[in-house]
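Engineer: The primary structure of each chain is shown beneath.
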Amino acid sequence: MKRRTFLFLTSGVYRTAIDGGAASLGYFLAPVIILLIFSFLETPPAMADVRTVTVGVYENAPKVFTSESGKPSGIFIDVIEYIAKSEGWNLRYVHGTWAEGLDRLAKGQIDLMPDVAYTADREKVYSFHKVPVLSVWSQVYARKGSGIQSILDLNGKRIAALEKTIQLETFTRLTNSFGLKITLIPVPDYKTEFEMVAEGKADAGVTNRFYGLMHARKAGLEDTPVMFDPAPFFFAVPKGDPKHLLDTIDSRLSELKRDPRSAYYASLARWTSEEVQFKLPAWMQIIGLVFGGTLLMSLAGSLVLRHQVNERTRELKQINAELRFGEEKFFKAFHATPDAIVISRAADGLLLEVNEVFLAESGYLRDEALNHTTTDLNLWVEPGDRERYSATLREHGKVRDMEARFRTKSGKVLDGLVSGESILLDNEACILTIIRNVTERKKTEAELEKHRLHLEDMVEIRTSELSAANKKLKELDTLKSMFIASMSHELRTPLNSIIGFTGMTLQGMSGELNEEQKDNLTRAYFSARHLLDLITDVIDISKIEAGRVEAYPEEFFLREAVDDAIATIGPQLKDKGLIFEINVSRDMHLNTDRRRLLQCLINFLSNAVKFTESGKITVASRIADEQVSLSVSDTGIGIDGKDIARLFEPFERLETHLRVKAGGTGLGLYLTKKLVTDILRGSISVQSTEGQGSTFTITIPRDISDYPGVLDEKSGGDIL
Amino acid sequence: MRTGLVIEDNENNMVLMTRLLEKAGYRTLWAPTGMQGAEMAIKQRPDFIILDIQLPDIDGMEVLRKIRTSEIGNTIPVIAVTSFAMAGDKERLLAAGCDEYIEKPIDPRRVISQLKRVIGEIP
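Listed in order, the protein sequences are those of chains A and B. Count the first sequence with our numbering and you get residues 1 to 720, in order. Count the second sequence with our numbering and you get residues 1 to 123, in order.
The hints are simulated quantities; they were obtained by calculation from the structure and are not laboratory data. No residue lacks a Cβ here, since even glycine has one placed at the ideal position from N, Cα and C. Take these hints with a grain of salt, some might be off.
Unchecked claim - Distance ranges between label pairs, derived from CB positions:
id, chain 1, residue 1, chain 2, residue 2, range
1, A, Glu515, B, Glu22, 25 to 33 Å
2, A, Phe580, B, Gln44, 24 to 32 Å
3, A, Asp643, B, Glu121, 49 to 57 Å
4, A, Glu515, B, Glu39, 44 to 52 Å
5, A, Asp703, B, Lys90, 19 to 27 Å
6, A, His530, B, Glu121, 33 to 41 Å
7, A, Ser685, B, Gly25, 52 to 60 Å
As the list claims (entries may be wrong) - Residues from chain B that keep clear of chain A, each with C-beta distances beyond 10 Å, as calculated:
id, residue
8, Arg2
9, Arg68
10, Glu71
11, Leu94
12, Ile106
To be verified - In silico contact screen, one side only, chain A against chain B (beta carbon under 8 Å); selected entries:
id, residue
13, His489
14, Arg492
15, Leu532
Kindly produce the complete structure, drawing on both the sequences and the hints.
Structural biologist: What follows is the structure, encoded as structure tokens:
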């Protein structure tokens with residue numbers, strides 16, 4: 001991989017450059033520092049207005065201690081010397097034990113005591129600044145092989161600890177809380193403490209981790225896992241800060257802690273690393289402080305540089321790892337995708353990289369493809385497609401799902417969906433092209449299309465077959481209607497004769513009849529009438545069902561139609577002595593099929609009379625919007641709720657004691673319902689309570705002349 | 001004695017109607033087709049005509065039109081006979097020039113009273 005090689009190369013070069021720079025910087029700096037120190041010594045900073053700050057020194061290396069040359073040293077000393085130098089202070093050191101130092105500070109004999117942990121009690125006597133110089137863990141140290149693995153192992157042991165320290169207080173509290181019995185040996189300094197442990201005068205010693213790191217090995221001791229109470233350590237000044245030192249210390253400390261390359265971190269690195277050995281050989285002391293100082297300075301300088309280099313190296317490693325991860329992801333995606341991917345150079349169109357899918361589908365070997373153009377490979381079937389692709393890329397910077405056809409090495413043509421994007425690789429304009437092979441999909445689509453067309457053809461053929469069949473059916477239907485029409489005439493004509501002749505004879509026009517003759521003829525007469533009714537109903541129903549009954553709307557007054565119906569039914573009504581009530585307004589007029597409405601009304605009324613032995617029959621109407629409801633109520637036998645559903649079915653004659661007497665075809669309500677819904681465009685309903693009576697209601701439009709399938713008024717009559 | 005022309009294609013119905021008329025005291029003529037009926041009406045000038053609307057050759061309405069447009073015009077009353085279920089409109093027939101309208105199956109007594117009213121024998 002070209003890119004990967006490049007990256008390795010890059011980081012390699014970079015690292016070399018830093019290393020070389022550090023080395024040459026070191027060589028360069030050494031003489032300069034020496035010069036600086038010489039010039040410093042030649043002009044001592046003994047100026048009249050320089051403030052003198054007295055600092056207590058005790059032995060707690062590496063935080064604060066006296067070096068073998070007798071000079072105060074350690075982290076606190078480095079910090080205060082940096083501040084003194086920056087502020088132009090003149091430092092004066094007063095050596096003593098920890099307790100002496102605190103005592104002197106309380107009496108105002110010194111201005112500053114380093115390495116003081118804050119407590120509320122101390123706050124009463126001293127003042128503290130706010131930014132801690134150090135946060136230090138306390139730790140227990142013991143002779144090698146002491147077997148101390150936890151705080152419980154300290155039970156019954158003699159423990160040395162620095163007197164008058166927070167550390168001592170905390171440790172006592174800690175061991176008490178575990179219920180341990182410990183013999184505490186207060187010591188004036190850590191050096192004494194370690195000596196006592198080493199000599200077996202104490203079993204273990206408590207010290208801070210800084211001191212332990214620096215001195216344990218030399219003293220022949222080792223650290224135990226018992227660590228406790230990380231505490232912040234400060235400089236302390238006499239109560240009230242009479243010399244106004246605290247603010248300055250805080251601001252300088254913040255400054256030091258912000259900068260990772262500051263003297264503060266250099267000091268930490270220097271004093272907490274055991275590897276750092278700076279013990280000056282005796283002959284060096286003879287040569288003099290100047291050389292020693294020079295060495296120290298250059299050492300510090302190189303430490304700072306080394307720190308920087310390490311820091312930078314770490315960052316680069318991180319970046320390198322991230323890049324390598326990113327690259328790996330890209331590599332995997334590039335090869336694992338099911339699409340062909342090509343990276344070409346924008347300037348000349350040469351293919352810089354292709355993935356395995358591209359090679360597999362195009363049939364070219366990697367060497368045949370790379371450093372050739374798609375035109376060289378004769379990839380585009382339509383040269384216009386390539387131009388369209390380039391033009392779109394130039395214009396929009398990307399192309400999405402452009403359809404194009406490609407030719408493989410063997411000449412096979414594939415359908416592809418092309419997407420592309422202008423990208424920058426190693427600062428060079430390139431084009432990332434992704435081709436999805438949709439040949440199979442296209443084939444499937446074409447197949448589907450073929451099937452679809454075939455289906456359309458089939459549907460067309462079927463449709464024409466069906467419409468032919470339909471036409472035939474319509475002809476048959478007409479034929480059937482014609483048949484019914486003539487049948488109706490042929491059946492009715494002889495019936496009319498029978499009814500006429502028997503009627504004439506019954507009416508005594510052919511002479512007197514005895515009772516038996518009269519009864520015989522009456523039975524023949526009513527049977528013929530019944531047959532006629534049946535024929536009439538059947539014909540009506542079959543015509544309606546064949547859709548051959550049209551509505552003939554005409555304008556009329558509803559009340560007149562009701563009166564006509566009552567007149568028809570009148571004789572039966574009178575025979576039974578029923579009360580009749582009409583609640584139909586005289587000025588309500590309709591435009592609908594009068595004859596069919598009349599047929600319905602007569603049917604309702606005839607039923608009402610048949611099934612009512614005494615009481616009242618009521619005809620009522622109600623208008624709501626463009627609808628009129630017409631109801632016929634009776635006080636007859638009523639209908640059982642479970643039978644209501646069967647009421648409008650053909651040939652359903654409910655079982656009642658009046659059934660035989662009532663007669664009827666069993667088609668009346670079925671026909672009525674058909675007339676109401678199909679011809680009058682309304683609805684029919686019934687409410688009934690068995691033993692109390694029924695109410696049949698039709699609700700129809702007042703004007704049906706505008707309904708589809710309704711003939712114009714007076715356009716013609718029924719052909720039958 | 002008044003004469004009635006019965007235009008009716010069915011023999012039974014014709015016999016029924018003529019017998020009924022004779023019992024009521026009228027003389028009768030019979031025409032089994034529409035064309036014959038119209039011809040006889042114009043030539044023989046009956047006192048009234050009983051016209052079945054459904055005829056095998058020409059429609060009863062056509063027969064009526066022929067009679068009304070002939071020289072006899074409106075002078076002879078015509079009673080149309082038709083089936084209820086097949087009825088065109090009573091009004092339609094009356095508007096076309098019929099004087100009365102009878103539905104099949106006929107009620108003998110009623111036919112006679114309707115006829116007498118039409119020819120003015122009873123009010």
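Engineer: For every hint, state whether the structure bears it out.
Structural biologist: Tested hints:
no., hint, verdict
1, A:Glu515 to B:Glu22: 25 to 33 Å, "27 Å, holds"
2, A:Phe580 to B:Gln44: 24 to 32 Å, "48 Å, violated"
3, A:Asp643 to B:Glu121: 49 to 57 Å, "53 Å, holds"
4, A:Glu515 to B:Glu39: 44 to 52 Å, "48 Å, holds"
5, A:Asp703 to B:Lys90: 19 to 27 Å, "23 Å, holds"
6, A:His530 to B:Glu121: 33 to 41 Å, "35 Å, holds"
7, A:Ser685 to B:Gly25: 52 to 60 Å, "53 Å, holds"
8, Arg2, "18 Å, holds"
9, Arg68, "19 Å, holds"
10, Glu71, "29 Å, holds"
11, Leu94, "14 Å, holds"
12, Ile106, "5 Å, violated"
13, His489, "6 Å, holds"
14, Arg492, "6 Å, holds"
15, Leu532, "7 Å, holds"
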